[in-house]
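First to last, the sequence lines map onto chains A and B.
For reference, each letter of the first sequence is one residue, going 1304 to 1623 in the numbering used here.
For reference, each letter of the second sequence is one residue, going 8 to 288 in the numbering used here.
Each hint can be trusted.
The calculated lysine-lysine pairs, modelled on PhoX-like cross-linking and capped at a C-alpha distance of 20 Å, are: (1) K54/B x K121/B; (2) K54/B x K1439/A; (3) K121/B x K1439/A.
Stretch by stretch, here's where chain A covers chain B in the computed footprint (C-beta under 8 Å, at least three residues): (4) 28 to 37; (5) 50 to 56; (6) 115 to 126; (7) 129 to 135.
Pairwise CB distance ranges (calculated): (8) N1344/A x E22/B: 30 to 36 Å; (9) F1319/A x V58/B: 31 to 37 Å; (10) L1390/A x P59/B: 23 to 29 Å.
Hints listed in this document are in silico derivations from the structure and should not be mistaken for laboratory results.
For clarity, every value in this text was computed on a predicted model and none was experimentally measured.
Don't be surprised by glycine CBs; every beta carbon is placed ideally from N, CA and C.
Single-letter residue listing:
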Amino acid sequence: MTATLAIEAEGLRKDFGDTRAVDGVDLRVARGAVYGVLGPNGAGKTTTIRMLATLLRPDGGSARVLGHDVVRDADAVRERISLTGQLASVDEDLSGPENLVLLARLLGYSRPRSAARAEQLLDAFGLAEAGGRLVKHYSGGMRRRLDIAASIVVTPELMFLDEPTTGLDPRSRNQVWDIVRALVGQGTTVLLCTQYLDEADQLAGRIAVIDQGKVIAEGTPSQLKASVGSGSLQVRLLDEDQRPAAQRLLAERLDAPVQLEGDPAALSVNVADAERATDALAELAREGIGVAGFSLGQPSLDEVFLALTGHATTREEVPA
Amino acid sequence: MSTTAPDAPVTPVSEVALHAALASGTRPPRPSTVSVVLTFGWRGMLKIRHVPEQLLDVTITPVLFLLMFTYLFGGAVEGSTSDYLQFLLPGMLVQSVLFTAVYSGVTLNTDMTKGVVDRFRSLPVWRPAPLVGAVLGDAVRYALAATVVVVLGLVMGFDAGGGAGGLLAGIALVVVFAFALSWVFTTLGLVMRTQSAVMNAGFMALFPLIFLSNIFVRPETLPRGLEAFVDLNPISHLTTAVRGVMAGAAESGDVGLVLLEAAVLVAVFAPLTARLYGAKG
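Here chain A stands alone, though its shape is the one from the complex:
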């Protein structure tokens, strides 16, 4: 059998009353990497995850997770996935060890093996010293780590991570990122929902951008950046008198309007790709125009995101 996709969703739809939360989401997620689902609050990310994790029944469309239909074959899906929800999916009124033993027992471990597994996970996640403290007294970062530990009591084939670092300090966030990388290193596929662009950029091999219940863009982080076009080439000349010549030359070589900056020796121009920018810089040198400094800025995923969602918002205005 050919390797099935981790997730294959077609036209997934969910309504809450009159609100269409998810409006025809298509997703194809290959196995063995982090796939980012990026979108603002209320874009339909969580609802999509909940349908894929068999917590919500879709109102339309279909989805297969690891080859199993999420509605008809929900139990087979549940045997292969785990979920770390947006609210911490651990029992706050129990201690960390109790949470893990509870899940280990529910997944079929014997009593002694449950205790051993809990201890192993607590050690691995740096939670052993919290001992019997109740989870409600944990810090945010500890809670998140316990949450992820609870998701890998049995190593899942696919893990849903819904906004795993929302509200965490940078240090705890980096820890969670390390854990996610280790998970993927072991062959688990991770579907990561996030509203943080750098998080998707850091972890995800591919990203789907969701807005108003639809996938509005999909690709690798660099493809997404490239699709919005360009970076900006900033040049500062040794001799400001040469600026008109430099302006002419750059405009010609790069096919783009060149802006003159407030600094009389500086110019900037949008470039489609880095190679042409270096060619143009070499051309300046050949023409005897001295360059004091230059920089080539890549567009941030932030700019990509705003450009994409801004566009989508105006297009979406018509249908209700």
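Dock chain B against chain A, hints included.
Quick look at chain B alone, frame taken from chain A:
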């Protein structure tokens, strides 16, 4: 401990240990449904162990009620407190345990607001297992409340004609009925928005049914319309059966009626709860 202080060093996640933990997470064979339900029952027990204060109202309230009613109204209602205790104790048992059943709904309502329910629902286990486990766990509270009432009753001089067997049978009957009734409250727990709403609705429904029963007074003394209502009230049926069993003079018809009513409650409200639970999203 140091890990909660904001400026304390965060315990590093050990990569080696993490990889080892991930590598050894092979899936064991699926547990039986009975084992899963019992594990959820154990979860309920753990919560009682962490917050034993929540057992206070299960233990103190019955004591107060039994003492108050016996010594306040005993003389007026039955001529002597000892005669009234003989009449009242089985009904006090019923009342104490049924009030406790409301908490099943409150607990479930609280649970539903927590993210952990999502995790339970994403596990490959029988979906209603968390509910059944929790309700079974609550039966332990019922047994505790029942024991408190019966022991205090014996200390106050209750004469159990049915002996120890009669007492145990009476407790068993009440616990079974409370288990059945708790499904009504779990349904409420899923329909209502807040836990205080569940508590209010539960007690509002239960109070009139408990007072308009044969727990406190003999129905013959009531106006005709009220007497008819009291005779129809399932709580009266339960009280009559428990009285019979404890006196060692049980009518099988009385006991059978109680078990039938309990079965009907479970048959209607357990599936309803499970459906609401499954549909909740």
